[in-house]
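Residue numbers (the numbering used here), protein chains in the order written: chain C, 1 to 170; chain V, 1001 to 1088; chain G, 2001 to 2120.
Bear in mind the hints are in silico, worked out from the structure with no lab data behind them. There's no promise every hint is true.
Straight line, CA to CA, 27 Å or less: simulated BS3-like cross-link-like pairs of lysine-lysine [stated by the list, open to error]:
(1) C:Lys-163 to G:Lys-2104
(2) C:Lys-105 to G:Lys-2114
(3) V:Lys-1082 to C:Lys-66
(4) C:Lys-137 to C:Lys-49
(5) C:Lys-150 to C:Lys-85
(6) G:Lys-2104 to C:Lys-150
(7) C:Lys-100 to C:Lys-111
(8) G:Lys-2104 to C:Lys-24
(9) G:Lys-2104 to C:Lys-153
(10) C:Lys-137 to C:Lys-98
(11) G:Lys-2114 to C:Lys-100
(12) G:Lys-2114 to C:Lys-153
(13) G:Lys-2104 to V:Lys-1082
(14) C:Lys-163 to C:Lys-153
(15) C:Lys-100 to C:Lys-48
(16) V:Lys-1082 to G:Lys-2114
(17) C:Lys-100 to G:Lys-2104
(18) C:Lys-85 to C:Lys-163
(19) C:Lys-48 to C:Lys-111
(20) C:Lys-153 to G:Lys-2112
(21) G:Lys-2112 to C:Lys-98
(22) G:Lys-2112 to C:Lys-49
(23) C:Lys-49 to G:Lys-2104
(24) V:Lys-1082 to C:Lys-97
(25) G:Lys-2104 to C:Lys-111
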Amino acid sequence: MAVLAVAFVFSFLFYLVLTAGSGKVLFWSIEEIGFGLVFAAFTAVLAKKFFCSTGTKLGFRSLNPKRWVFFLIYAIGPLFFEMAKANIEVAYRMITKKIKPGIVKISPGMKSDFGTMMVANGITLTPGTLSVDVDEKGNIYVHWIFVESKNPKLEDVCSSFPKWIRRIAE
Amino acid sequence: MIGSGFEFMVVAVALVVLMLVCLARVLLGPTMPDRVVALDTINTLVMAFLVVLGVALNAIIYIDVAIVYALLAFVSTLFISKYLEAEA
Amino acid sequence: MIILVIYAFLAIGIIFQTSGVIALHQFPDVYTRLHGSTKCTTFGSIFIYLAVIVYGAWFAFSGQPEYAVLSIHTLIVMVLLLVTNPTGAHAIARAAYRSGVMPKGAVVDMLKEKYRVGKK
């Protein structure tokens, strides 16, 4: 029941953001608010299984605002900086054609599925690395465009991301 | 000066040219995943194109089309990948 | 003044998009092509969207509040792109490996060992 309520509130808020500026009641018209309530109820029933599901071992703790603030800092700070570096690096490899590819295995040791997904996404957006496969234990197989060592340390592949994501998703 | 939207039209035309270059890879690509990569790139370009065109033509509804397109493109990419996996 | 910021964002965006598309033709195999196309088009699109967001916010603050909708919706597109694009790239890479396309000229391939032990 609590999951249903949380899913309903989030879908309704998203609907309000999408239709902002449609009328006179604050920013919305009466019709939009009415339809929003109906559709949010439908969506909540449909999304109950996935929303805040306890299968990811995170559950309701993901609603803690501290995690959201950390996520914002992470997205604007380290992630953006690494993406800028990654683009310069790709342009450099493209011009010089100096590549030495290979697939290596790293184990970030995340406890939740959501954390593993965020690390994999971060790896894909950082310099020279691309996540190819994940196994059941949370080990990530990474395609590295310029292999420096065959048994890489965690910091070589995904700089400081696991530290950040541990605070966000665990 | 304000609201001419001309510069956004220039960017839209440039994006269309880039899409055509990607299309060459779709036609050439030696293996199937190559073509899928090029299609995925075209999807990303189309999203940017829709947003920029919405500004240039002063029609905000284009941005909503871009939202729907983003979700559908993501789902279709996942399904094509799933199909390739199962075929092997 | 603000128009210069918008021009700069648009220029950076289109430059990175172009480099991403050229990467599709320069690199030898699927995985390296994914490197180029995913990173560069994501970054380039973010800058183009930032230009649109600044444009909408500028109009909204200079007396046309209906343009705020433009900024909000573009922000939603940007978040969607940031979430879906790396995930799609991961799906394609995984499908490529499982359908038997090997990385060209790889010096080390740890995934091969996994499949030898696991499935076959």
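Margin query: With the threshold set at 27 Å, check whether the alpha-carbon distance from C:Lys-137 to C:Lys-49 stays at or below it.
Written below: With Cα atoms ~23 Å apart, C:Lys-137 and C:Lys-49 stay inside 27 Å; holds.
Compare the distance between the alpha carbons of C:Lys-153 and G:Lys-2112 with 27 Å, and conclude whether the hinted pair is satisfied. 20 Å, holds
### Message
Next pair to validate is C:Lys-105 with G:Lys-2114; report whether the Cα-Cα distance is within 27 Å.
### Response
Holds, at about 10 Å.
Would you mind confirming whether the straight-line C-alpha gap from C:Lys-137 to C:Lys-98 stays at or under 27 Å?
This hinted pair is violated, its Cα atoms lying about 34 Å apart.
| query | Does the structure keep C:Lys-163 and G:Lys-2104 at a Cα separation of 27 Å or less? | reply | 33 Å, violated
- Are the Cα atoms of C:Lys-100 and C:Lys-111 separated by 27 Å or less? 32 Å, violated
Against the 27 Å threshold, does the CA-CA distance of C:Lys-85 and C:Lys-163 hold or violate the hint?
20 Å, holds
Given the hinted pair V:Lys-1082 and C:Lys-66, is their alpha-carbon gap at most 27 Å?
-> 36 Å, violated
Problem set entry | Given pair status - C:Lys-98, G:Lys-2112, alpha carbons within 27 Å | 24 Å, holds
Proposed proximity, C:Lys-153 with C:Lys-163 (alpha carbon, max 27 Å): Answer holds: C:Lys-163 to C:Lys-153 is near 14 Å, not above 27 Å.
Requested in this report: Assess, step by step, whether the Cα of G:Lys-2114 is no farther than 27 Å from the Cα of C:Lys-153, and give holds or violated.
Outcome: 20 Å, holds
Query raised in the report: Do the alpha carbons of C:Lys-150 and C:Lys-85 lie within 27 Å of each other, as the hint requires?
Result: 23 Å, holds
The structure fails hints 1, 3, 7, 8, 10, 15, 22, 23, 24 and 25 (numbered hints given earlier, in ascending order).
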